[in-house]
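Residue strings, one per chain:
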Amino acid sequence: MLTWLKRRLFGYLLVELTGFSPERFFNMCSVHEIELWNLRECGHSCRFYMTVKGFRKIKPLVRKSKVRLRIMKKFGLPFFLHRNRKRKAYAAGLTIFFLLLYSLSLFVWDIEFEGNHMYTYDTLLKFCETEEIRYGMPKGKIDCDVLEESLRTEFPEITWVSARVSGTRLLVKIKENEVLSSIPVKDESPCNIVADKAGIITAMIVRQGVPKVRVGDTVEKGQVLVSGALEVIGDDEQVMNVHYLHADGDITAKTQYQMVRNFSPYKTIDAETGNMRNGYFIKVMKYSLLLLRPKPEGTTWKLTMEEEQLHLFQNFYLPVYIGRITGKEFISYERPYTEEEKKEIAETINDNIKINLLEKGVQIIENHVKIQDNESQCQVHMDFVTEEAIGKNQSIEVRMMQEEPEETINLDERN
Amino acid sequence: MEEYQWKKGSDGMLEETKNKAVSALKLPKDVILGEVLVSFLGRHSVVVENYRSIILYTDSMIKLQAKNCRINICGSRLMIEYYTNEEMKINGFIKSLEFE
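Sequence lines, in order, name chains G and B.
Residues in the first sequence are numbered from 29 upward in steps of one, following this note's numbering.
Residues in the second sequence are numbered from 12 upward in steps of one, following this note's numbering.
You may find that some hints are simply not true.
Below are the DSS-like pairs computed for lysine-lysine, each with C-alpha atoms no more than 25 Å apart in a straight line [to be verified]:
#, chain 1, residue 1, chain 2, residue 2
1, B, Lys74, G, Lys101
2, G, Lys34, G, Lys94
3, B, Lys40, G, Lys92
4, G, Lys85, B, Lys100
5, G, Lys34, B, Lys100
To list a few chain G residues with every Cβ distance to chain B over 10 Å, as calculated [claimed, not checked]:
#, residue
6, Glu61
7, Phe141
8, His145
9, Gln400
Hint data in this document are derived by calculation from the structure and do not stem from the laboratory.
From the three backbone atoms N, C-alpha and C, an ideal C-beta is built for every residue, glycine too.
Use the sequences and the hints to build the structure in full.
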């Protein structure tokens, strides 16, 4: 392999030898260490290959052995260049290609994040942009250590970062903290528990505070369920002092939801006509080119595009995107929904609401769905009888807090 | 090569002693005594080592001079793939190899 490369690089010749004693010539060549190979006899002559360097040294040997040499063919790079010396544009093109490839390899054309679950790609990319790291910047300006550190400080949930530049890609590997990094501080500020929905109380567990309602009571929205103000009543049945607590308890109540959703009684159908239109999209850095036949007048099309970034090998990404556009012609028209379809739609609407309620921790006891048909609109009426936790913390107002010392002062004055 | 030249001019007795010494020490004879070493690879190629010069080269016969013998290689479409001072590789359809 190495000899082959060397021969190609410096050039070699196919030589035809005629004369009385080729053997003498061969022996002299071997003594002078001139390389000959693939010797072959063809009738009266003998053909062999030799290097250009050897051919230059051969003259005295030729004279001595009285043979005649004739060059049949020339191989290798020097002869190739000489043959193509007039093709300047070709050479220029080749040089420009390699220069372009080299200059493109100096920039970052792809940024990849790996292992991010909590933070989205866009969040991280935006942060990188504020750190002056963006798509298309010179590779040499990226300081991976600084980037790693700033990522760790900016996003506390990221516990480990590894950034490296590979080819024209910036690869950032991230490990996120899987457990909570901070323990939630228990709220101890004084507060009441008030109802955030109207309903009938079904169960009550009070851990701290004074219950103001009982199981079976009907409560209104905003009514105090558990009071955080603990009154100390003296012997004269007067309020001597008020301790303020953080009321805590679980209160569940039977509640009702009534919802109405509207939908159009006409269904829009996009029917494909089967006509297709294909095109290409090329984006080089900021410039893009769209290759697509113009659409005929009065037709509607759905266009989809698959975009792909060009890359040489695995990690040499280029700033060239190629997209394939597929267009399908369609005609849209409207028709009224059938009864079954209406029912189906009402079902899906109802199911969605159900899922939402269940996610909020609401238990559904009863569920009724009714469809009302108007000319212009369909209405879905949904009734839910549910059971849910209705307690909501409401901090005791500062005004009340201020009243306390005033009262005590008054008492003091009286005493 | 120089050693060889010197041996040629020297006594036959010395040659014999050297031969014995090489046998006793189990040294490779092709290296020490400059004996010809022929290795075949099937019937299409042969490598001859420690030859001295080419006497005849034709399509059907190659005659080589070795230290104390001549080698005739007969066949057809014989071709020297490469040759250096010590070694020669011949390709082709080989019929026979004779010593003279």
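Hints and how they fare:
1. The hinted pair formed by lysine 74 (chain B) and lysine 101 (chain G) fails the criterion: a straight-line CA distance of about 29 Å is larger than 25 Å.
2. The hinted pair formed by lysine 34 (chain G) and lysine 94 (chain G) fails the criterion: a straight-line CA distance of about 30 Å is larger than 25 Å.
3. For a cut-off of 25 Å, the pair hint linking lysine 40 (chain B) to lysine 92 (chain G) is broken: about 36 Å separates their Cα positions.
4. About 24 Å separates the Cα atoms of lysine 85 (chain G) and lysine 100 (chain B), which keeps this hinted pair within 25 Å; it holds.
5. For the suggested pair lysine 34 (chain G) and lysine 100 (chain B), the alpha carbons sit about 21 Å apart, so the restraint of at most 25 Å is met.
6. Listed as a non-interface residue, glutamate 61 (chain G) fails to keep its Cβ farther than 10 Å from every Cβ of chain B; the least gap is roughly 7 Å.
7. Interface exclusion of phenylalanine 141 (chain G) from chain B stands, the closest Cβ pair being 58 Å apart, more than 10 Å.
8. With a least beta-carbon separation of about 63 Å from chain B, histidine 145 (chain G) lies farther than 10 Å from that chain, consistent with its non-interface assignment.
9. Separation of glutamine 400 (chain G) from chain B is adequate, the least Cβ-Cβ distance of about 97 Å exceeding the 10 Å criterion.
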